[in-house]
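Protein chains: 2
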Amino acid sequence: MNKNHFFSLSDTADFLKQKDNFVILTHQNPDGDTLGSGFGLAMLLDKMGKKSTVICSDEIPKKYAYFTDLAPQNADFNAETTVVAVDVADSKLLGKLEKEYASEVQLCIDHHISNIGYAKATYLDSNAAANCECIYDLAKALSLEIDKNLALALYTGISTDTGCFRFSNTTAKTHRIGADLIETGIDTAEINRIMFETKSRIRVELEKMALDAMEFHFEDKCAVITVTREMYEKTGCKDEDLEGITSISRSIEGVMVGVTLREREEGGFKISVRTYPPVDASEICKRVGGGGHIRAAGCQLGAEYSASMAKAKILEVVKAVMEENLAGTLTD
Amino acid sequence: MNKNHFFSLSDTADFLKQKDNFVILTHQNPDGDTLGSGFGLAMLLDKMGKKSTVICSDEIPKKYAYFTDLAPQNADFNAETTVVAVDVADSKLLGKLEKEYASEVQLCIDHHISNIGYAKATYLDSNAAANCECIYDLAKALSLEIDKNLALALYTGISTDTGCFRFSNTTAKTHRIGADLIETGIDTAEINRIMFETKSRIRVELEKMALDAMEFHFEDKCAVITVTREMYEKTGCKDEDLEGITSISRSIEGVMVGVTLREREEGGFKISVRTYPPVDASEICKRVGGGGHIRAAGCQLGAEYSASMAKAKILEVVKAVMEENLAGTLTD
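Residue numbers (my numbering), protein chains in the order written: chain A, 136 to 467; chain L, 136 to 467.
For the record, the hints were derived by calculation from the structure and aren't laboratory data. Do not rely on the hints blindly, as some may be mistaken.
A pair counts as met if it fits within one copy or between any two copies, since identical chains are not told apart.
[To be verified] The calculated lysine to any residue pairs, modelled on SDA-like cross-linking and capped at a C-alpha distance of 25 Å, are:
id	residue 1	residue 2
1	Lys-197	Pro-413
2	Lys-197	Glu-388
3	Lys-255	Ile-429
4	Lys-446	Thr-333
5	Lys-154	Glu-365
My request is simple: use the sequences and hints to build the entire structure.
So this is what it looks like as structure tokens:
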């Protein structure tokens, strides 16, 4: 990424002041942070007397529907627009909007260190746990009031990206911003209930089935959950109903590697691997043609694999990497 | 409670300065907040050159075992001791220590508005989400450094009592204290993993059984989970393994009242009721001789009740209160 393209916070504030009509792009499969950033920025622009509309490749999940009422969606698409992307690390993540907008992004506001620098200018704060922290900083830099609606959007983004202040990305600053947002009077318990505590009955059904079929291997240090097409069909679950299911296997006491296999509609399996130190999840997935982070990674196996073949394949690799990382021999 | 017995924060600090040899009492079935407060206070006293020992009616659960190494346990039980209770709202909650200590408590540091005033003096901050906030304030009042060990104890108490900043008791101050504690360099993600993300295999087994037996009533607005002695025996679970199980039924989409019945060893049932607005959990439990808060309350039914009788009894009351609160008639 070209250093010249980096904006400071005040450059970013100045840039927004100079323009009047904005299109705000969020990433595909939108989450609380990209939407909180998008609608949060739209609220800032509205306070500045500017026009904007937030757009996304995919439909906004029901639980974030309340965002869309928080800011007027009033960009004038017949006039010249300024395109800003929020929480979008790579133009590929624009999904269906990529073709039209990839080369049009004038400003990207992001917190991913992996940002590829596709925008004409980028404001990047990789210390921010959530991109909504950047929007908060921008509000402060622009001396704009953080009202209840803005706080609602920003809190949602911060809470969802940090697992409600639970993950290791949470910093002292994250908490201080949380404090400021709570002081506006928003009902954080209700937001968190919607974001974290509600499961559909069909999800509970599927979880029961998956837990029933859970297997333990390698001195019980590895747990494997397989979600078959039959389970999807019996319960009526779709992939979007399975958010967070990959963390279940690793959450069992003593488990260092949690593996979740989800049978794809077209056959074959999507495999998620979650680990605890010192086991390297990305190394496991790399050996099956996938990749990811050290504690969370993924890979796929094609339709030529049956469930038992897919399980055997991934377990063979899990065992090898565990033995390397733990420097010892494991029994099954 | 006699107003004369209330201590201000500086009274409390002065009192601790005047004494030298302390016994610190925590409540029975100890949780992160009473233990964090107890060992946190012990660390403060150690920094002041005083001696203290933390005691509890029950064994300290494994996941809090690291607390015991944080502060020297060096009270001189052969000399005169000053007895301080932390996070203990009622002398009954001292459990097996009640008989020996109930009338001996010279200072109680608590955050429960329901504190009955059994101690000679009480420092009460009912706005504190966790009692560890009071210990934090005390450290500040005493100008004592908050080091990593102290931060570890206080963060654990705050995080466990707020569901990691998720519940409605969380305030802006809670977050600001969280920020200060993180700045000491503690690994909050690891603490939260131990506190929230690890389940024993026997717990998972029992949860599966309980979910299999879950019932829905009153247009699916009420979910009932019954944990029978048979489930305890089959899985090997004890009551301490069931922490948080009461929140499962309410977490199902559309459920407003979650009821959990746990069969007692001596027969009869311990019943927990969790609700969402506008249903009043304390009103439900009051009608069966129990009590509690508006969203979380409890009651008991004696050994004369079979599982089906107990369920019928509580459901009758749930229906009546729901119909009052929802101002409508429900069908089963």
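Here is what the structure says about each hint:
In this assembly of identical chains, the alpha carbons of Lys-197 and Pro-413 lie at most 25 Å apart only when taken from different copies (22 Å versus 38 Å within one copy). Taking CA atoms no more than 25 Å apart as the test, Lys-197 paired with Glu-388 passes between copies only; the shortest distance there is 12 Å, against 33 Å inside one copy. In the homo-oligomer, the alpha carbons of Lys-255 and Ile-429 never lie at most 25 Å apart, since the shortest distance is 30 Å inside one protomer and 53 Å across protomers. Proximity of Lys-446 to Thr-333 under the C-alpha cut-off of 25 Å is restricted to the inter-copy arrangement: shortest distance 24 Å between copies versus 30 Å within a copy.
Taking identical chains as interchangeable, the C-alpha atoms of Lys-154 and Glu-365 are never at most 25 Å apart, the minima being 51 Å within one chain and 68 Å between chains.
When each numbered hint is compared with the structure, violations occur for hints 3, 5.
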